[in-house]
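*Asks:* Chain A is fixed; fit chain B onto it per the hints.
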Amino acid sequence: MSFKRILKIALLSAVAVLLFTIPPGIYFFSRYYDSLEAEVVARFSGKRWNIPSRIYSDSTILYPGQNLKDLGFFQRLARLNYHRVAPGAVSARGEYSYDEKTGNLEIFLHSFSYPYRDFAGELVRINLSTNRVIQSIQDVGSGRAIYSTELEPELIGGIFQGNWKQRRIVRLSQVPPAFIDAILAAEDHRFYEHGGLDFLRIIKAAWVDLISRHIREGGSTLTQQLMKNFFLTNKRTFSRKIKEALMALIAEHLYSKQEILELYVNDIYLGQRGQEGIYGIWEASEYYFSREPRDLTIAEMATIAGMISAPNRFNPLKHPKAATFRRNEVLHLMVADGYISEPAYQQAVAEPLHARETFAESNDAPYFIDYVKSELATRYPPEVLTDEGLRIFTTLDVHTEKLAEAAVKRNLDDLETRYKFVRLREKKEPLEECLLALEPQSGKIRAMVGGRSYRISQFNRVTQSRRQPGSAFKIVTYAAAFQETLDGGPYQFLPTSYIDDAPFTWQYGDMQWTPKNYKDRYFGRVTLEFALQESLNSAAARIANAIGLDKVLAMAQRLGFGKLPPYPSIVLGGIEVTPMQLAQAYAIVANDGMKVQPYAITAVVDENGHVIEGHEFKAEQVLSPQVAYMMQFMFEQVINHGTGYGARAMGFTRPAAGKTGTSNDDNDAWFVGFTPNLLAVVWTGFDQKEPLGLTGAQASLPAWTMFMKDATVLRPLADFTVPPGLVDEKVDPLTGCKAPPNYPMTIEGVFPASLAPTRICPPLTAPLPVNSANHSMPAAPNPMTDPND
Amino acid sequence: MTARRIEPDCPLLARAIVAGWVLLAAPIIARAAVGSADRARATRLVGFREENIGPEDLPSPTATPTPEASPAAQNGADSSPSAAPPAMAPEAAPSPNPQAWPPDAAEASPVIPPTPASGGQEGAALPGAAGAEPSSVPTELAPLGIGQMTPTLQISNASLRPLVASAATPALAASLRMTDRARKNILDGRPDDAIQLLSRAVSIDPGNSYAYFYLGRAWLAKKNYSQAVTFFNRAEMAFASNPDWLGETLAFEGLTYEQWGQPQQAEKEYAQALQATPGNLMARVGYTRLTVNSAPPPEVAAPAPSGSEAVPAPSEPPAPPPPAEPPPPAD
Chain A
1 MSFKRILKIA
11 LLSAVAVLLF
21 TIPPGIYFFS
31 RYYDSLEAEV
41 VARFSGKRWN
51 IPSRIYSDST
61 ILYPGQNLKD
71 LGFFQRLARL
81 NYHRVAPGAV
91 SARGEYSYDE
101 KTGNLEIFLH
111 SFSYPYRDFA
121 GELVRINLST
131 NRVIQSIQDV
141 GSGRAIYSTE
151 LEPELIGGIF
161 QGNWKQRRIV
171 RLSQVPPAFI
181 DAILAAEDHR
191 FYEHGGLDFL
201 RIIKAAWVDL
211 ISRHIREGGS
221 TLTQQLMKNF
231 FLTNKRTFSR
241 KIKEALMALI
251 AEHLYSKQEI
261 LELYVNDIYL
271 GQRGQEGIYG
281 IWEASEYYFS
291 REPRDLTIAE
301 MATIAGMISA
311 PNRFNPLKHP
321 KAATFRRNEV
331 LHLMVADGYI
341 SEPAYQQAVA
351 EPLHARETFA
361 ESNDAPYFID
371 YVKSELATRY
381 PPEVLTDEGL
391 RIFTTLDVHT
401 EKLAEAAVKR
411 NLDDLETRYK
421 FVRLREKKEP
431 LEECLLALEP
441 QSGKIRAMVG
451 GRSYRISQFN
461 RVTQSRRQPG
471 SAFKIVTYAA
481 AFQETLDGGP
491 YQFLPTSYID
501 DAPFTWQYGD
511 MQWTPKNYKD
521 RYFGRVTLEF
531 ALQESLNSAA
541 ARIANAIGLD
551 KVLAMAQRLG
561 FGKLPPYPSI
571 VLGGIEVTPM
581 QLAQAYAIVA
591 NDGMKVQPYA
601 ITAVVDENGH
611 VIEGHEFKAE
621 QVLSPQVAYM
631 MQFMFEQVIN
641 HGTGYGARAM
651 GFTRPAAGKT
661 GTSNDDNDAW
671 FVGFTPNLLA
681 VVWTGFDQKE
691 PLGLTGAQAS
701 LPAWTMFMKD
711 ATVLRPLADF
721 TVPPGLVDEK
731 VDPLTGCKAP
741 PNYPMTIEGV
751 FPASLAPTRI
761 CPPLTAPLPV
771 NSANHSMPAA
781 PNPMTDPND
Chain B
1001 MTARRIEPDC
1011 PLLARAIVAG
1021 WVLLAAPIIA
1031 RAAVGSADRA
1041 RATRLVGFRE
1051 ENIGPEDLPS
1061 PTATPTPEAS
1071 PAAQNGADSS
1081 PSAAPPAMAP
1091 EAAPSPNPQA
1101 WPPDAAEASP
1111 VIPPTPASGG
1121 QEGAALPGAA
1131 GAEPSSVPTE
1141 LAPLGIGQMT
1151 PTLQISNASL
1161 RPLVASAATP
1171 ALAASLRMTD
1181 RARKNILDGR
1191 PDDAIQLLSR
1201 AVSIDPGNSY
1211 AYFYLGRAWL
1221 AKKNYSQAVT
1231 FFNRAEMAFA
1241 SNPDWLGETL
1251 AFEGLTYEQW
1261 GQPQQAEKEY
1271 AQALQATPGN
1281 LMARVGYTRL
1291 TVNSAPPPEV
1301 AAPAPSGSEA
1311 VPAPSEPPAP
1321 PPPAEPPPPA
1331 D
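From first to last, the protein sequence lines stand for chains A and B. Per the numbering used here, the first sequence starts with residue 1, numbered consecutively. Per the numbering used here, the second sequence starts with residue 1001, numbered consecutively.
Since the hints were made in silico from the structure, they are not lab data. None of these values were measured; they are calculated from a predicted model. Glycine included, each C-beta is placed from N, C-alpha and C at the ideal position. Some clues are possibly wrong.
[To be verified] Using 30 Å as the maximum straight-line C-alpha spacing, the simulated DSSO-like pairs for lysine-lysine come out as follows:
1. A/Lys402 to A/Lys618
2. B/Lys1268 to A/Lys618
3. A/Lys69 to A/Lys101
4. A/Lys409 to A/Lys373
5. A/Lys228 to A/Lys241
6. B/Lys1223 to A/Lys618
7. A/Lys228 to A/Lys204
8. A/Lys257 to B/Lys1223
9. A/Lys241 to A/Lys257
10. A/Lys618 to A/Lys563
11. B/Lys1184 to A/Lys618
12. A/Lys618 to A/Lys373
[Claimed, not checked] Here are a few chain B residues that face chain A, going by a calculated C-beta distance under 10 Å:
13. Leu1023
14. Pro1027
15. Ile1204
16. Asp1205
17. Ser1241
Next up, chain B with everything else stripped away, as it sits in the complex:
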């Protein structure tokens, strides 16, 4: 190479070339400047779609059914049927919430809870109920006097373990275990899961009538009343020789009709339930509620809820507002 710098022959040419170069390079530089912003955005990655590999060990498909001794306020006194819950009165009259049964929302209800043998609970009930005797409730069924009969709480809320233990065939036992899990799902407020389990339970042993009962309860929880009634009827048929569960089924059927807005039918069902199991609390209370409601409502406003529970009452009842105290005796 020579030591001299190479001089282009024409300075103008040189400048033109440089200018052309700059012009050509400009868009590229501009693009690069813009492009890196885009790139920066794009590098924010979207992660892989995740697949359920399930690294944590979840409990076995079937755990031992635990005795239903949950302290939850909802299902308070399941395990101690002799100690009636303080809030004996059920949910707001025409729209009771079965999942809260036995309920703790003991607000405006005209129902006079039958005082249990253990006694001393009626203080927690209603303003107007303090002095009222069960015998003043107008009903043609034999009234429960004090100490006469211990009302039975809903047996369908309790564990089905005794049934499983006494199941006649292994298929029935397996089916009942699945039904028990479905029962828990219903009480936990997951009726869809319950329905899945129950359809499998029916598949294992179609002779398991408890599955049909819980199907009724699950559909009731989903507010599909006609399906609930269909399944309750089926269970009813199967429980013909099992008065406890027959009464239970009829009581829930009554509840279904009540929520559905058919009080006459509900009353019939409750009455039938009481024929089968006079001590069925839900039936007793429901029946009384419906028959008492047919009396003219008094002018007393809705009473304050009793202090023993925290859960407020469910939605407004569509029917005429329940009277705050039982109506005066007919005679």
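Only chain A is shown next, with the shape it has when bound in the complex:
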């Protein structure tokens, strides 16, 4: 064959091959192009990220007269990532200075979006007295005095799927230009010039890699990196790189540089905070420097920009030297590209790296968070909670929560140390305790500790553990008795009325029930006050029997225990209740008979700042205020003289009321008590109903006291107030007549005005047969000789 012919055949076959492969090639390629384009468009214009929801504690209000130490103020500041600087050097949000000599505390508060208003962080000055009591507060900017200010809520948890990717979206307009310059200098300084792929860089990178024989430089533009981040998996294959490159070209073709940049700065991964991933430059500047992007210095911006290529290697907190080196590299690139001037460069390079240590202690309240989540789950679908960036504001006070956790821990340690049989029983399962603290008037749950350790057991005993309350349930019987009396029932039961504490059998239907007193000790004729104070079972049963079980059941329902089975043993707590239910019942008494539903969630705000759920303050008067006060009065005697006296012995002096509870078989030890503005309930026991062998006073009262001593100092000192319609009278304990002054033996009682004693006691002619040790108590029968025992 001639050369020409071979050539002809070769050319023809080449043409034929091309003709047969190019059209389908173009076809398939255009399909591929369209799919990539669709993906890019979807990522740019569709929902960009799943933003997890955040759960916040309550904010802290500061006003003149508060003692900072009681508030746990400086610990709050630390948890909120405020950093202390020298006096006079406070210049950016997140800094504070405290001059002990002059007592001036200056804080540049963080800005914060509260549910109902936005707060742009301001500089305030707080003048303190020598013992750290706030004297006055000023707004430094305007110089005028302000009456109160607020420390923002603490982030206590998040709701997320898989990993917690915390990010906060910024608009490009909110990012200082220098920050953008730093990022471009570090990652892609020809960003504005190239069309998606920077061929110069690719060639240079290939050359450098070839020379050094390993991958040293990435040739990716910002756009390529952005496309890379769109994928879930991180395959570094050639085909993936081609795909990313194509997508970068498409993105550049479709969208402006600004849009790409905006997406990029919000997307990049910049480190890890525990299990939480930091994404976006806002979170990064908050986390590493406790500032908003607009408050950063050039050097700090360069540090963050330097982290983009290797967030963990250049983490300023973990590897400050490497971070500084990289920062200086970026600064050098910035000055080389002309983004900053030479003097600025010198200054920035000389700046020491302020590696702000982040707060190590966790401020989470895991049981409380679980409770909040379960409440939310009843109202929101799970995808909304994990993806829509809701912000959930709660009632928790982190300081109070920590006090509660500490009290529980110390009490358990004490019990284990003091009682050998507890240690023995703990070989089978650990002793458990739970504590709930709430404000009776507002219903806010301030602390919730569901068990001794969330790691060991996530079971939230406060809301889920149903146990027998024992004599803590007597609130129902006595409240029913008083309410009946006030409503004009046939019986007159008042705190100073008498009841016979003697063994008695209750017949119901064809069954019988004989309640027993503790240690089988019966006191005979006692006042109701005394009976409650000493927690006498027989007396309580007689009262219930007298007014009728149906009245007791009705009162139980009113107090929030629901419908109970009609057995007399419920009078002594023979049913199962949760600590939350018990707290709510006592809160009604603490709140003068008004029932306010305890709650944890104050507001739920969507990502646009709209409040989608608020909390409505509603109340219901279920007991007369007079009945509530009589109960408060009696519960006060429990603490001052009765089974709850251990609180006073431990040094708790505030006016307080409470009740112990020990179930049958000693399985559960309860103490529920309150001051006029804070209520707490403590339960101690074994989950598997092992006998505990300790009373409420022995096992739970110490925890309650330890907690209340510290938690009440930041609240106003208040006493229980007598409502109108009640009179305070001193009466003769034996006859109930109104005692004239200088009467030798009296007890104090409160009476509804219509039922107050009017007959004044006749003068005494003979000495009274009294127990001289405590003249306010009626004579107790001598167990050795009295046939009643």
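*Replies:* For chain B alone, coordinates are given in the frame of chain A:
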């Protein structure tokens, strides 16, 4: 390359190839044509979701409470209690609007406003009231003669600054400041915000009974009458030794019952309010309105509203239409 053009051996083959190419390319071209329209649509971007960064500096969390001297027609004469507003008569009889108190909608109301010491205002009132004396109103309470007593306007509309200044504890002061802000919210017609603030105020100092009072007012504004009564009762209990505020609470409670449709209870509350503070204007007027309404309505049609206010009267009263003039004296 040779200078000759390469000629395919078979012209038919050439044409077939070209045709095949065209056929294959056609859908692609067609797709491209359609696709660019889609693309054009898609490039219309959806913006970023916005986050409340709050670049503008909003006022401090607590501004100094300003004295309540708002010139708004609604709360006209708050700051000058001695000058009674021209429209003394309240809102339409059984459905008065508390937020408009002191009201300017002085239309058909049978009530004879007690003429204040400053006098000269009754001309703006009602057609039928021109000549009527307060003493002709059938009520067992002592009538307010001219110059006898200056009726007090609703003290709960005024600023709580004096209370704050005299608060016994710092917690109470802080709580009262928050309550004052809630008061403003209620007067501005934002009861939900008020309730939020008040629940915080109660949290700061549960002994602040004013918070309960304003909770009652807020729930009244939201038309939840049973809640309003619950909170008013609570406030009542706390104000036992504070006759001014006790009267105020009872007066608002009466208003609540009236709006709720329980005039007998409302009458009782108003009467109690007047026991506590005889000069309480709302109680006085409300009581008179209710007791006067029990008389048979005359045949005079509803009068024209007085000319001093611009806001028209609120909704139609469900009760029997108020008589245009006071009924003739019983005797």
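*Asks:* Confirm or reject each hint.
*Replies:* Hints versus structure:
1. A/Lys402 to A/Lys618: holds, 29 Å
2. B/Lys1268 to A/Lys618: Roughly 25 Å between the alpha carbons, so the hint for B/Lys1268 and A/Lys618 holds.
3. A/Lys69 to A/Lys101: holds, 17 Å
4. A/Lys409 to A/Lys373: With a Cα-Cα distance of about 25 Å, the restraint between A/Lys409 and A/Lys373 holds, given a limit of 30 Å.
5. A/Lys228 to A/Lys241: Given pair A/Lys228, A/Lys241 holds - Cα atoms ~8 Å apart, limit 30 Å.
6. B/Lys1223 to A/Lys618: Since the Cα atoms of B/Lys1223 and A/Lys618 sit roughly 13 Å apart, the hinted pair holds (cutoff 30 Å).
7. A/Lys228 to A/Lys204: holds, 20 Å
8. A/Lys257 to B/Lys1223: violated, 54 Å
9. A/Lys241 to A/Lys257: Roughly 21 Å separates the two Cα atoms, so the pair holds.
10. A/Lys618 to A/Lys563: Given pair A/Lys618, A/Lys563 holds - Cα atoms ~23 Å apart, limit 30 Å.
11. B/Lys1184 to A/Lys618: holds, 20 Å
12. A/Lys618 to A/Lys373: holds, 22 Å
13. Leu1023: holds, 9 Å
14. Pro1027: holds, 7 Å
15. Ile1204: OK, holds: B/Ile1204 within 10 Å of chain A, min 6 Å.
16. Asp1205: holds, 6 Å
17. Ser1241: holds, 9 Å
Of the numbered hints listed earlier, the single one contradicted by the structure is hint 8.
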